[in-house]
Amino acid sequence: MNIVENFDLFAPRLINKKELLSPGHRACSGCGEVLAVRLMCKALGENTVIASATGCMEIISSMFPTTAWKVPWIHVAFENAASVASGIEAGLKALRKKGKIDDRYVKVVGMGGDGATMDIGFQALSGAMERGHDMIYVCFDNEAYMNTGIQRSSGTPMGASTTTAPAGKVSMGQKTWKKNMPEIMVAHGIPYVATACPSYPLDFIRKMEKAKSIKGPSYIHCFSMCPTGWRSPSHTAISMGRLAVETGAFPLYEVENGHYHLSSEMPKKFKPIKDYFKPQGRFRHLTADEIEMIQERVNIEYKKLVEKAKCLKV
Amino acid sequence: MGKRIGMEVAVAVAEAVGLCNIDMAAVYPITPQSHIAEHLSDLVADGRIDAEFVTVESEHSAMSAVIGASGAGARSYTATSSQGLMYMHELLPIASAMRLPICMAIANRAVSGPLNILNDHTDIMPQRDSGWISIFVENGQEAIDMSIMSFKIAEHKDVMLPVNVNIDGFQLTHMVEPFEMPTQEEVNQFLPPFVPHATLHPSKPVTMGAFAMSDYFAEIMKAKDEAIKNSKKVIVDVWDEWAKMFGRKYQPVETYQVEDADVLMLTMGSMGETAQIAIDELRAKGVKAGLVKLRLWRPFPLAEIKAVLKNVKKLIVTDRAISFGGPGGPVFSEVKSALYAEAKRPLIYNYIYGLGGRDMAVKDFAGMFEKVLADTTNQESDTYEFWGVRE
Amino acid sequence: MALKTWKELPIGCVVSEPGSASEYHTGSWRSQRPIWKNEKCIKCGICYVYCPEGCVQQTEDGFFQANLDYCKGCGICAHECWPHAISMVEEG
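Protein chains in written order, with this note's numbering: chain A, 16 to 329; chain B, 1473 to 1863; chain C, 29 to 120.
Treat the hints as calculated values from the structure; they're not laboratory data. Please note that the accuracy of each hint is not assured.
Label-pair distances were calculated between CB atoms; the ranges are [as the list claims (entries may be wrong)]:
#1 C:32 to A:33: 55 to 65 Å
#2 C:44 to A:33: 11 to 21 Å
#3 B:1513 to A:308: 46 to 56 Å
#4 C:59 to A:33: 25 to 35 Å
#5 B:1721 to A:228: 34 to 44 Å
#6 A:315 to B:1600: 51 to 61 Å
#7 A:289 to B:1585: 45 to 55 Å
#8 B:1585 to A:183: 14 to 24 Å
#9 B:1685 to A:30: 30 to 40 Å
#10 B:1513 to A:111: 20 to 30 Å
In silico DSSO-like links for lysine-lysine, alpha-carbon gap of 30 Å or less [as the list claims (entries may be wrong)]:
#11 B:1843 to A:108
#12 A:32 to C:65
#13 B:1629 to A:112
#14 B:1629 to C:65
#15 B:1629 to C:32
#16 A:115 to B:1629
#17 A:230 to B:1778
#18 B:1676 to A:115
#19 A:113 to B:1475
#20 C:65 to B:1705
#21 A:115 to B:1696
#22 B:1704 to C:65
#23 C:35 to A:33
#24 B:1816 to B:1843
#25 B:1694 to C:32
#26 C:32 to B:1701
#27 A:33 to B:1701
#28 C:65 to B:1696
#29 A:32 to B:1704
C-beta atoms are modelled at their ideal positions from N, C-alpha and C, and glycine is treated no differently.
Just chain A, same shape as in the assembly (with noise of 0.2 Å):
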């Protein structure tokens, strides 16, 4: 097969050129997380006001007197990314209105990580969604307080070592399962939930516009590999995202209006979860009995999600 003729290959040129978030960041090098972000600005384009909370992506982009923004940024506090993407939504809703700005669209979009969203900004993400603002809010997810030294947050997987929960002789890591926050997004009823992964470019682009195009609150989580905290290569981030959603550690779905639709990008068959941990330091200490206890739990939880798609489907 003529390898130019291969639309997997080709579609990468069909991205938007323009880079919205410029280089001299102060990302770890191979950080999967700003690269999300910077495919979600390309996504997302110039007509977009983001709000964003404390963190990684925060700090590796606004030093002052710099920044590398060049869409309308704003960063307030830790726990408040979606109370202030609500604020500026509402604000740019009656400028509009009163015609002292000009009419033209513009998307407010709230940000944060793991912690920011489903720890301490949980409450303020919860109203936004609940008072259905149009704005997106995204999760970028590297699983830990990366920002402040690796510590755990709700959405550390089980069996992870943090700084908080480390792995030690009496220890396994993180004794909890990671808090499924996008079924909580779904059950606030709210237009459009979906995940998404780097590692699939194309397919998260696709769910950026998606959210972009709806009129009403919507709700990304985005898989963000982090080699520091993960304890892996500094060229691991895609693929390490890939092999995510090809053991089913992260599942690829999208539910609308409350339809749940897998994204074409799953595999009809599981790689071992045992795949997935090894190339990472974080899971290094685990036995085989507690990986076969998270490859039962894995296993459940997609079943659930297939069946969910089956009959909850559009």
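Keeping the supplied structure of chain A fixed, place chains B and C upon it in accordance with the hints.
Then chains B and C, alone, in the frame of chain A:
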């Protein structure tokens, strides 16, 4: 000329804010502010004002939302009390650092613990260092006048700082008082449109809330301090403009019968009116008592305080808040510090009173004067006293 | 660049030069750099897509190269390149 009406003060504040062409309000209910929130939402629901009204899920989100909206260039408003203000506490210095002209009514209420929904100043005192302009009102007329003027002060190009108007909870917010409500035309004439210094809009992308390292942080703090100090001139100018238009004059420090006074009392907030009656009674008995009312709390009117207070023999500073284990009530500490450098300064007495809604009658204020006048030791006391606490 | 005095600070510390972070050249961080072998390159652009810095640029003849002012040498491009046209070479 506006009409003279009687109305519950909290409702009147909402009416006044409704005249100010706000673009957005975000409120969370808390006693005794709730009537402001409720009436504002009535105005929106009836289409009497054209504003986005966001019923947020917490006060922290209320302040976050008005920060976002103000950043987008919208004239934004909120109101709270006590625990709600404490919940917003984290964000207040951020709002002022970002130089966002947010206006807020505070229906002053005691801070927990224990829980107490009644009036004192313990909620606003912890916000002293936040970089907000802070104004205290004594009656309903002042509450509505200051609410309208706060937008003009906040949004002035030489100010660009958030403003809070402090209205004693229940004691003032829930009183039905007579006052003159300006007309829409008058407010339109008085209040120019909001011209932000920067906006979150793709027409000119900016970054707000960048973080600063130690190479810049100190300069940033100095710039903020200079901004709030310089705002005093604008505040006085705006109050003068109001006086020309409405005939009601306001000053950072108001005085009553101070010219030949032997003893002065300093109050902040609505209790000043009760103190004023006590002074009239004392004067009738031949006591040379006078009253000083602190209207502008931040920026602290250092020059005016010095000018009014330095020549009197005795000064009673009343505080409706306490800094536990500190040198005295917050107002007392600041006034005493303000007068320290003066060659001639009064003996200062500090009474902590009116906590958690404890009422103060005319006789209580008169009692303070009598006690102070009876003190012939001529010694500066190091201690403050709780007034009217059962021993 | 000289640090600003307090009087020179923009009001509210608003940064109004979008993308001004690019004055900081992160290229000084790297210990290895990507080298493209154009004979193997199929011009798919995936290296451009996957670069966290957004510093992989397409040249006039359609091949790719990293802007060495910013390239942190993470190696994602080399690792993901389908025909293995990119190799990571240690910095001198």
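Each hint, compared with the structure:
Against the hinted window of 55 to 65 Å, the Cβ-Cβ separation of residue 32 of chain C and residue 33 of chain A comes to about 30 Å, which falls outside the hint. Hint check: residue 44 of chain C to residue 33 of chain A, Cβ distance near 19 Å, so the stated range 11 to 21 Å holds. Range check, residue 1513 of chain B to residue 308 of chain A: about 51 Å between beta-carbon atoms, so the 46 to 56 Å window is met. Distance hint check for residue 59 of chain C and residue 33 of chain A: the Cβ-Cβ separation is about 30 Å, which falls inside the suggested range of 25 to 35 Å.
The hinted window of 34 to 44 Å between residue 1721 of chain B and residue 228 of chain A is violated, with their beta carbons roughly 56 Å apart. At about 55 Å, the beta-carbon gap between residue 315 of chain A and residue 1600 of chain B stays in the expected band of 51 to 61 Å. Between residue 289 of chain A and residue 1585 of chain B the C-beta distance comes to about 52 Å, which sits within the given range of 45 to 55 Å. Judged by the Cβ atoms, the range 14 to 24 Å given for residue 1585 of chain B and residue 183 of chain A is violated: they are separated by roughly 39 Å.
Roughly 35 Å separates the CB atoms of residue 1685 of chain B and residue 30 of chain A, a value that falls within the hinted 30 to 40 Å. Distance hint check for residue 1513 of chain B and residue 111 of chain A: the Cβ-Cβ separation is about 21 Å, which falls inside the suggested range of 20 to 30 Å. Proximity of residue 1843 of chain B to residue 108 of chain A is assessed by CA-CA distance (about 59 Å); at most 30 Å being required, the pair is judged violated. About 23 Å separates the Cα atoms of residue 32 of chain A and residue 65 of chain C, which keeps this hinted pair within 30 Å; it holds.
Proposed proximity of residue 1629 of chain B and residue 112 of chain A is supported: the alpha carbons are some 25 Å apart, at most 30 Å. For the given pair, residue 1629 of chain B sits about 58 Å from residue 65 of chain C by alpha-carbon distance, which is inconsistent with the 30 Å threshold. Our distance criterion of 30 Å between C-alpha atoms is met by residue 1629 of chain B and residue 32 of chain C, whose separation comes to about 22 Å. Distance check on the hinted pair: residue 115 of chain A and residue 1629 of chain B sit about 18 Å apart at the alpha-carbon level, within 30 Å; holds.
At roughly 58 Å between alpha-carbon atoms, residue 230 of chain A and residue 1778 of chain B are farther apart than 30 Å, so this suggested pair is violated. Restraint check: the Cα-Cα separation between residue 1676 of chain B and residue 115 of chain A comes to about 15 Å, which is no more than 30 Å; the hinted pair holds. At roughly 28 Å between alpha-carbon atoms, residue 113 of chain A and residue 1475 of chain B fall within 30 Å of each other, so this suggested pair holds. Between residue 65 of chain C and residue 1705 of chain B, the direct Cα distance comes to roughly 68 Å. Violation of the 30 Å bound is thereby established for this hinted pair.
Using a Cα cut-off of 30 Å, the hinted pair residue 115 of chain A and residue 1696 of chain B holds, with the two alpha carbons roughly 29 Å apart. Restraint check for residue 1704 of chain B and residue 65 of chain C: not satisfied, since their Cα atoms lie roughly 67 Å apart, outside the 30 Å limit. Between residue 35 of chain C and residue 33 of chain A, the direct Cα distance comes to roughly 35 Å. Violation of the 30 Å bound is thereby established for this hinted pair. Our distance criterion of 30 Å between C-alpha atoms is met by residue 1816 of chain B and residue 1843 of chain B, whose separation comes to about 23 Å.
A C-alpha spacing of about 13 Å is found between residue 1694 of chain B and residue 32 of chain C, which places the hinted pair at or below 30 Å, so the restraint holds. Among the hinted pairs, residue 32 of chain C with residue 1701 of chain B is consistent with the structure: their alpha-carbon atoms are about 21 Å apart, no more than 30 Å. For a cut-off of 30 Å, the pair hint linking residue 33 of chain A to residue 1701 of chain B is broken: about 44 Å separates their Cα positions. Annotation: proposed proximity of residue 65 of chain C to residue 1696 of chain B is violated, straight-line Cα distance about 55 Å (limit 30 Å).
About 50 Å separates the Cα atoms of residue 32 of chain A and residue 1704 of chain B, which puts this hinted pair outside 30 Å; it is violated.
Violation of the numbered hints given earlier is confined to hints 1, 5, 8, 11, 14, 17, 20, 22, 23, 27, 28 and 29; the remaining hints are satisfied by the structure.
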